[in-house]
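Student: Here's the letter readout for the chains.
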Amino acid sequence: MPTPSASVLRQITDADVRRTVRLHLDPRHGTPYWLERDRRMGTNGLEKVQSFQNAVTLLGLTEGADQMHYEEASRRTPLENFVPRSVLGEGGALWAAQTGGTTGPAKHGTWGARYWADILEFSDEFLDLHGVPRNTNWLFVGPMGPHTTGRLVVAFAERRGGMCFSIDLDPRIVKIFGEEGMTAAYDRYVRHIWDQVEEVVRSQDIGVVFCTSRLLDMLPERLGTEPLAGVRAIVHAGTTMEPDAHRELREEVFPGVPVVGMYGTSTTGINWQKPFEAEDGHRVVYVPCRPHVALDVIDEHGAEVPYGEEGRVRVWRLTDDALVPGFLERDRARRVRPYGVAAERYPWPWLGDPYSPEFTEGRRVEGVY
Amino acid sequence: MLTTAAGTASPAVPGTGGTLDVPAYSGSRPVMSNRPGLLDDGAGRPLARLGNAGRLVQFGMAQEAEKTARVLRGIDDDAWFGLLRDAAGRLTARLDGGELGPWLRALSAATGLPLRRAERGVRTVADDLGRMEEILAAQSPDGTVSAYRTGGDDPRWSWRPAGRSVHVRVPDNFPTIGIEWMQALAARRPVLLSTSARDPFTAVLVTEALYAAGLPDNAVSLVHGDAPALRRLADQVLWPGEDVPGDLPPGKVKTYHYGRSRALVGDGVPQDAWGRLAREAFAGCGRLCTNISSLVVLGDAEEAAGQLAREFADRPVLPLDDPSASVPAFPDRAVRDALATRVEREIAAGAVDVTGAATGVPLRVDLDGVAYLRPTVLLLDAGSPLFGTELPFPFTAVAHVPRSKAVTACAGSLIVSVLGEAGGLVRALAEEPGVDKVFGGDDFDRGYDPRDPHEGYLADFLFKKKAVLPGASA
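Keeping their order, the protein sequence lines are chains A and B. Residues 1 to 369 in the UniProt record's numbering are what the first sequence lists, from first letter to last. Residues 1 to 474 in the UniProt record's numbering are what the second sequence lists, from first letter to last.
In short, the hints are calculated from the structure, not lab data. All C-beta atoms, glycine included, are put in the ideal place defined by N, C-alpha and C. Watch out, some of these pointers could steer you wrong.
As the list claims (entries may be wrong) - Here are some of the chain B residues that sit facing chain A, going by a computed Cβ distance under 8 Å:
| # | residue |
| --- | --- |
| 1 | S33 |
| 2 | N52 |
| 3 | G54 |
| 4 | R55 |
| 5 | F59 |
| 6 | G60 |
| 7 | A229 |
| 8 | D247 |
| 9 | P250 |
| 10 | G251 |
| 11 | R345 |
| 12 | L367 |
Said to hold, decoys possible - Not everything, but these chain B residues come out facing chain A in the computed CB check (under 7 Å):
| # | residue |
| --- | --- |
| 13 | S28 |
| 14 | L38 |
| 15 | V57 |
| 16 | R232 |
| 17 | V361 |
| 18 | V365 |
To be verified - Computed list of lysine to aspartate or glutamate pairs in DMTMM-like fashion (alpha-carbon distance at most 25 Å, straight line):
| # | chain 1 | residue 1 | chain 2 | residue 2 |
| --- | --- | --- | --- | --- |
| 19 | B | K67 | A | E63 |
| 20 | B | K254 | B | E421 |
| 21 | B | K67 | A | E226 |
| 22 | B | K67 | A | E251 |
All chains should be built: construct the whole structure from the sequences, respecting the hints.
Tutor: See the structure below:
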């Protein structure tokens, strides 16, 4: 691991929590949705929440009607309901993000200018830790349009001194092809994507490839390894990356090239893979990007599972433009005690081997996303 | 019935010793993965965790297989076939030692095959592996196995591999179907296997025996379930049945063992023929491509159906662990019910359930909570959609067909067995392009012998005569 400067990430403090609560539950300038919920549930969070533990108890979304209410509101009501009036009044840029729409109609969220800047800053930190080169062009193969990843990757590339070539991918139509058994259309669409990738790779000087995990799985079989001989880093997003696939990438397909995972959602934020070490056993382990985002792994009673155990992912976002108080993701993952060279730098619970059960069980298909 | 392993709570099937770990294999390296697939017995009880090898791992398998083709051709014949015999011996020894009991019980529970039959099936697979030299010699252009290494010996052509690797989809109807991929391997072609949903076991047992015997790394790789990357990357594909994936170009694929075998009943059928015919219908528990699915009767079809039904009646539905059991179960009850409905529709349309009348046993049988179909002889009209259809249990449709239409009625058959005197029909059947094999006289129940052409010789797909002048060494 290169020797980096001090991390921009840190533990969440009680002061962080109090500040976020003051911002979102301020009776006059707070966030309409959370104020309404506070009244509806009789929480009085502004006075009672003094620490993260208080927030877990008092503000955390509860599974069932409470979480469903929040999800449906984020689908069906104006996005401004979820932003503090004070932040709206400041007039800074707000990126209107949409989820992939894999669990129903898309949900909406914001990424404010300050959060965006924070994300670019800590993303640089991780890309440097992994040895992803600067001053080189990127190729992005994934969802653009309303999906945050595309915009974010363009920003990574430009901030690090390169241009970003992009191949758009519409995960929603892929989902329709899969669920409706339109195999020929699915196959044609996948071929269309790879045809475009081939064109870019043939004509442009690409140093970093950013791909969804599923497309990365197909990359060598579609392109072979020769056209990508000049690639100096691979970044992937999505959920599932089996250790055997990770090992194959690092050792066989792209030997000596950093392969970096990014995990997150369009409405909460992103988290980066810890620096690669042999003791990972090629498992992909992520560092939650505190203080902006906290990821818990919990059991069916809402309690954190012991280290090493698998549970459901619960996400907290504590930023100016958005509060997400313990949203229960569909994903499952292992709770990991920090270890290795980055343990002291990021001394809070990590997340290992996340996956989406509905993509691997039953009839849903993960497709290319 | 195939899910991921997360959240398993049901108890294991008795006798399986818990849930088996059945890895995929990237060459000789077992692959289990973080979240293996979970195979259950149809009632939700787990049988096996299946290693999951994704597309990237499949890419690696295909790359390594290509490199291994030359290595396999470099091994001398004695060492090569000795290795296969050694592997066969190892598998047989594991069976004899009782070590594979949990595997066989899981195989039985997953496929619905009676336990003893499942074991015999795996034993036959081992026997077939041990006699590959003889099987391949029958298929080579000069009758020797050296042709697979040297390319044959002719001034005008050399007999060369038509590819460096072959992907084989292995179906789960009966273990003996494994002979197809074992022949490809014995012909020194690296094989990339994908197993079917209900039998991930047999191919793994053979693969483990082969590597234990010293098979060069990457000569066999194995994935459980669909393997789209292997389909794309392998030079050739062997696909069971006729439902070939649309992404496979026609010249790259050979279908195999899609069945539909018939018997033609002429005059003067010897009395012992009915018992022998019933044995053919029950071979592999009625799930082989060689099972007699239809009887084309030139004379009295009712009499013929009655004779065959009496033989069927001697083979009742028994629990899967009964040593005498020969009737398969259906772990997926919905599959059983859908098949039963097809038969019942024909009965409603006028077909006669001859075995039902002879035994009094209903078509749908439930035994200890397990779903079966009673072995069935159905007397019907030759125009019935079930006449000529193969069903996955002992089932034979019987119809009268006039002599003038007999050959047409047999078109689309893998095997036509001719019983009794049929005049010039044997010759006419042999010349019918839609009939693959014709067995008559005392050989009418020859069934499957891997030395015979079976949908042609596999070697004729795996190899090709090419003009290579001057001839280069293999």
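Student: May I ask which of the numbered hints given earlier this structure violates, with the numbers listed in increasing order?
Tutor: Those not satisfied are hints 9, 10, 11, 12, 13, 14, 17, 18, 19, 20.
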